[in-house]
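A.B. asks: So the sequences go chain by chain: C, A and D.
So for the first sequence, my numbering puts the first residue at 1; every next one is plus one.
So for the second sequence, my numbering puts the first residue at 1; every next one is plus one.
So for the third sequence, my numbering puts the first residue at 1; every next one is plus one.
In case anyone wonders, no lab produced these hints; they're calculated from the structure.
It is possible that part of the hints are untrue.
Claimed, not checked - With a straight-line cut-off of 25 Å between C-alpha atoms, the simulated DSS-like cross-links for lysine-lysine are:
(1) Lys-340/D - Lys-70/C
(2) Lys-536/D - Lys-76/C
(3) Lys-535/D - Lys-79/C
(4) Lys-531/D - Lys-70/C
(5) Lys-112/C - Lys-196/C
(6) Lys-231/C - Lys-324/C
(7) Lys-71/C - Lys-615/D
(8) Lys-164/C - Lys-79/C
(9) Lys-70/C - Lys-415/D
(10) Lys-535/D - Lys-76/C
(11) Lys-117/C - Lys-79/C
(12) Lys-164/C - Lys-203/C
(13) Lys-86/C - Lys-112/C
(14) Lys-170/C - Lys-233/C
(15) Lys-249/C - Lys-196/C
(16) Lys-71/C - Lys-415/D
(17) Lys-415/D - Lys-531/D
(18) Lys-112/C - Lys-249/C
(19) Lys-340/D - Lys-79/C
(20) Lys-71/C - Lys-231/C
(21) Lys-262/C - Lys-196/C
(22) Lys-71/C - Lys-54/D
(23) Lys-536/D - Lys-79/C
(24) Lys-79/C - Lys-531/D
(25) Lys-71/C - Lys-340/D
(26) Lys-180/A - Lys-64/A
(27) Lys-582/D - Lys-340/D
(28) Lys-531/D - Lys-76/C
(29) Lys-340/D - Lys-76/C
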Amino acid sequence: MKFWRLSFLFLLLTLVLSGCGEPFLSTLKPAGEVAETQLTLLFISTSIMIFVIAVVVIIYTIVLIRFRRKKGEENKIPKQVEGSHKLEIIWTVIPILLILSLSVPTVAATFKLGDVKDMDIVDKEGNREALVVNVRANLYWWEFEYPDLGIVTSQDLIVPTDEKIYFNLKASDVKHSFWVPAAGGKMDTNTDNENKFYLVFDKEKADEAGNLFYGKCAELCGPSHAYMDFKVKAVSRDEFNQWATAMQKNKEEVQPTSDLAKQGQEVFQENNCIACHAVTANDARPETARTAPNLADFGNRTRIAGILEHNEENLKAWIQNPEKFKPGNQMYKEANLSEEELDALAEYLMGLKVQE
Amino acid sequence: MNTEERFTLLNWPDHPETQTLEGKNKFLGFWLFLAGETVLFASLFATYLALKDSVPDSTHPLAKDLFNLPLVFVMTMLLLTSSLTSVYAIYHMRNYQFKKLQAWFVITVLLGVGFLSLEIYEFTHYVHEYHFTFGSSAFSSAYYTLVGTHGAHVTFGLCWIIALLVRNAKRGLNLYNAPKYYVASLYWHFIDVVWVFIFTVVYLIGKVG
Amino acid sequence: MSSVAAKKGLGASILEYLTTVDHKKIAHLYLGTGGFFFLLGGIEALFIRIQLMKPNNNFVSEQLFNEIMTMHGTTMIFLAAMPILFAFMNAVVPLQIGARDVAFPFLNALGFWLFFFGGLFLNLSWFLGGAPDAGWTSYASLSLRSEGHGIDFYTLGLQISGFGTLISGINFLATIINMRAPGMSFMRMPLFTWTTFVASALILLAFPPLTIGIFLLMFDRLFSSNFFDVTMGGNTIIWEHFFWIFGHPEVYILVLPAFGIFSEIIPTFSRKRLFGYSSMVFATVLIGFLGFMVWAHHMFTTGLGNVANAIFAIATMAIAVPTGIKIFNWLLTMWGGSIKITVPMLYSLGFIPSFVIGGVTGVMQAVAPLDYQLHDTYFIVAHFHYVIIGGVVFAILAATHFYWPKIFGTKLSEKLGYVTFTLFFIGFHCTFFVQHFLGLMGMPRRVATYLPGQGLELGNLISSIGALLMAVAVITLLINIIMTSIRNKKVGADPWEDGRTMEWAIASPPPYYNFKQTPLVRGLDTWWIEKMEGKKELTPAEPLGNIHMPNNSILPLFIAFGLFVAAFGAMYNPLNSVGDGKSWGVPLLIIGLAITFGSMLIRSLRDDFGYHIHKEDLLEDDKGGKVG
Chain C
1 MKFWRLSFLF
11 LLLTLVLSGC
21 GEPFLSTLKP
31 AGEVAETQLT
41 LLFISTSIMI
51 FVIAVVVIIY
61 TIVLIRFRRK
71 KGEENKIPKQ
81 VEGSHKLEII
91 WTVIPILLIL
101 SLSVPTVAAT
111 FKLGDVKDMD
121 IVDKEGNREA
131 LVVNVRANLY
141 WWEFEYPDLG
151 IVTSQDLIVP
161 TDEKIYFNLK
171 ASDVKHSFWV
181 PAAGGKMDTN
191 TDNENKFYLV
201 FDKEKADEAG
211 NLFYGKCAEL
221 CGPSHAYMDF
231 KVKAVSRDEF
241 NQWATAMQKN
251 KEEVQPTSDL
261 AKQGQEVFQE
271 NNCIACHAVT
281 ANDARPETAR
291 TAPNLADFGN
301 RTRIAGILEH
311 NEENLKAWIQ
321 NPEKFKPGNQ
331 MYKEANLSEE
341 ELDALAEYLM
351 GLKVQE
Chain A
1 MNTEERFTLL
11 NWPDHPETQT
21 LEGKNKFLGF
31 WLFLAGETVL
41 FASLFATYLA
51 LKDSVPDSTH
61 PLAKDLFNLP
71 LVFVMTMLLL
81 TSSLTSVYAI
91 YHMRNYQFKK
101 LQAWFVITVL
111 LGVGFLSLEI
121 YEFTHYVHEY
131 HFTFGSSAFS
141 SAYYTLVGTH
151 GAHVTFGLCW
161 IIALLVRNAK
171 RGLNLYNAPK
181 YYVASLYWHF
191 IDVVWVFIFT
201 VVYLIGKVG
Chain D
1 MSSVAAKKGL
11 GASILEYLTT
21 VDHKKIAHLY
31 LGTGGFFFLL
41 GGIEALFIRI
51 QLMKPNNNFV
61 SEQLFNEIMT
71 MHGTTMIFLA
81 AMPILFAFMN
91 AVVPLQIGAR
101 DVAFPFLNAL
111 GFWLFFFGGL
121 FLNLSWFLGG
131 APDAGWTSYA
141 SLSLRSEGHG
151 IDFYTLGLQI
161 SGFGTLISGI
171 NFLATIINMR
181 APGMSFMRMP
191 LFTWTTFVAS
201 ALILLAFPPL
211 TIGIFLLMFD
221 RLFSSNFFDV
231 TMGGNTIIWE
241 HFFWIFGHPE
251 VYILVLPAFG
261 IFSEIIPTFS
271 RKRLFGYSSM
281 VFATVLIGFL
291 GFMVWAHHMF
301 TTGLGNVANA
311 IFAIATMAIA
321 VPTGIKIFNW
331 LLTMWGGSIK
341 ITVPMLYSLG
351 FIPSFVIGGV
361 TGVMQAVAPL
371 DYQLHDTYFI
381 VAHFHYVIIG
391 GVVFAILAAT
401 HFYWPKIFGT
411 KLSEKLGYVT
421 FTLFFIGFHC
431 TFFVQHFLGL
441 MGMPRRVATY
451 LPGQGLELGN
461 LISSIGALLM
471 AVAVITLLIN
481 IIMTSIRNKK
491 VGADPWEDGR
501 TMEWAIASPP
511 PYYNFKQTPL
521 VRGLDTWWIE
531 KMEGKKELTP
541 AEPLGNIHMP
551 NNSILPLFIA
561 FGLFVAAFGA
571 MYNPLNSVGD
581 GKSWGVPLLI
591 IGLAITFGSM
601 LIRSLRDDFG
611 YHIHKEDLLE
621 DDKGGKVG
């Protein structure tokens, strides 16, 4: 009975491993060479393990069928067998061989995926060739700085497809972990040191996933650990350059056009939001002063606070009572803004766009 | 063997500490305990080595600014000698010479108290002269925890030996309390060995390395 | 203070248990207390699965979820699994080696009371401001920031119960080395004794790093030190190293005794000696040794570097080899045997495929670059529940049935046992198999909830349904225990009829002195040898004589209680980071320590020679059928 249940489960496993989950989130739908390498390792290791399980299950099944105590044999004492040197050697050597064969791709991939030396290659003018993003994890938001482009942004990570993106990872308060499952494994963001790794986003896969990949925090960091999502917009190199240029041009604040938005800007300044939230992408303040997400291009963001759908209603609800959505967040617990002020503020913030 | 039995020098066994089952168990159990203590101190040493150069800024003292090798050398001599005197004590225990056993343990205690006094003086000196307290830096926390844990072990050992001296003063030596003396001396040797490592890793390397 | 009272009132019974140093009664204490904490941990698990049944659920708040999740792991590992395993070690190992008690009966009791007060202290957090909320791993940067005293309950509670565990580890090592009956060489010891031996060695060497790690966290939070404060030069990765240098051997401390239990049950119900005894011993020792070499596989994503990751990956894979050796030896024990599927055997049969699944996902996680995807996801949660439930919990449930007669003198219902097993087995796979996929599909672990639209709803629902099944299964086990206790039908020395080792040669439960005469061990599976030669009793190794027994004592309880009191003082001392220090903090700390050290002093100052049971009384026992 147990044998059939188990084999059904393994059939399920194989079917499922061949592609399960959402293309913007699942490790089983790799969207770049890092995740592909890791999925290959999953297939190799699973295959070897299924072989082991099969051997065990076969012996187990035979034992259960053949050697159960039969009626009339209540007093039979079976032959007491001490052991078998031959068998011991077989079932020691074969697993060792299996493990040795698994070690080869393991070690190779460890060094390949951990190879960040190309991060520092510079061209004739001394400019870094690769795209580098400094990731800083905070409670409960993500800052993304492009040091070579002079851009600071947050929550939405914009990257070009089909090239290696290198990351410097750290955390400002407690340990978090930076994870984009569809693109590759995670790397912890520590408070003690900077970690480095790279990811690649494949153009076709990005298109399949709607050009938007889900990022997760993968290390328990407090009550809102589950809400610390970020998004990765993987676009063509041209689109990326366009966005980067627009962000770089955003040196001074985009002036609000409508009256309501102007009112909103006043509310923003009166309540001293500007003390933490920069609204231009070239925030030159030191890290310790950048205590809140950068709001440049906020109007084009995919989510509010990483988890809410990007619309005015959610924005107003968030501003009024952030604690309700992300308990323990570092902004404040509740605001006491009037409906009018909230409308104005929302209009202002939604208008913060560097490009349409 | 009856533990309360009275002996003479002639029939007193060579290794009284392991003549009874209880003695054998205590002997083995204590060596096992010391294995665990070794790992404990190894962990403290690892923490110290990882954090010995970690201070928030240059106004906080480091090892080379603080340690006074002559004082620490005297402390080392006191503790090492106390270990030697405890060996003499056990030698007399094996030879059924109760009074000499007690006397050499008294000397051990006095030397240990000397060590401890100097260590207390050393710590208060750091606090008052350099404001080097437990909470000053990661280095200070690691230093005080390692050396302080050793000091706490010395203190406990002294209380232990004093308690033995007091409890056995009227009872004399027998197979019931022989293992107690033996185990106490093992403990005393252990903290002496740990001190040798502290002297080397903390003080010598601190001043020189 | 002997326990030969003929008539026992309730008060006398309670006093007996508070002062006992008898390994068999201490086993009862561990089983009862550990069992209670198992139920508590199970309720915490149920709450977790109810919260995660659907997306954006608010069955519990996020903060409360973190507390429940933390306490579930901490309770199950430290307060349920380990103590229950200690219960069986206490009940069985001295009997298996032909001894009358453990090497240090007083310390045995102390070990229990330290566990009791540590567990009590930890769970008082629920009523005193909140439970710890940083996971059972309590990583340093998060746990330093945790508001309220939850983490302090964690550090102080685990410190107290950890001392108890360490003491018990030393006790079993000394017992097994020094107190084996004549003729019992190491290679004639039953496998459960061997695994207890290796697990105890692991305890001795693995708990000190945890002790230090916890002290460092305690000092940072309660006494303003800077071990983990990065701004003052501290380093949080040190916590990770210490925790896992302990944490990895810890899982072998859990699983090796489980392996030992199966190594007793499988030969018994196959009527065949354990296949490859020497290999099994060798594999046990190798697993114990290798267990110390692999801790950083929990830190593959921490950033230790490619060389470290590669080395630890290979070392981790190596542990699969001795584990595999064991699985094949168990299978070959059954091969050619005469298998009777009793409830203990049923759990053993459920264990083999379940544990193998858990073990192979472990090897998969050892592939470091793959682990970059799997780490901190539900894949890991699935893996460790497969090995812990499929290995340790099944062993505990099997041992509960198998050893119940030896511990209590009655026998649990086989029929109800089948029901428990079936419900539990189905529920277990239902809950955890799908979690492998949830992890692969992008669900991190320790999340209080998840958003809709990510494909995670169905898997979580299935997982939660399984939890309900397991809860029902546990209830049937409780019913079984209650009914059996009420019916109180006594059984004989060898109720399973095929017992192979010495515990099955004496009464169920044994007389308080275990063996009237120390037995002579003539080979491996000593009782089986005697039975095959038609003997009805073990061969004695000594003539009938007076038996020396240890006295009861209330001091272990006081020593542990003193630490319990001191912990409160430490927690509320004026320097603590929560900022609610009280003036009575330090005095209370001193009073608590005084109770502890004072009790230790009282113990040392008095002579305690135990007492003797006289030969005449032993012969009386025989005639009157009194078994104490």
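A.B. asks: So which of those numbered hints doesn't the model satisfy?
C.D. replies: 7, 8, 11, 13, 15, 17, 18, 20, 21, 22, 26, 27
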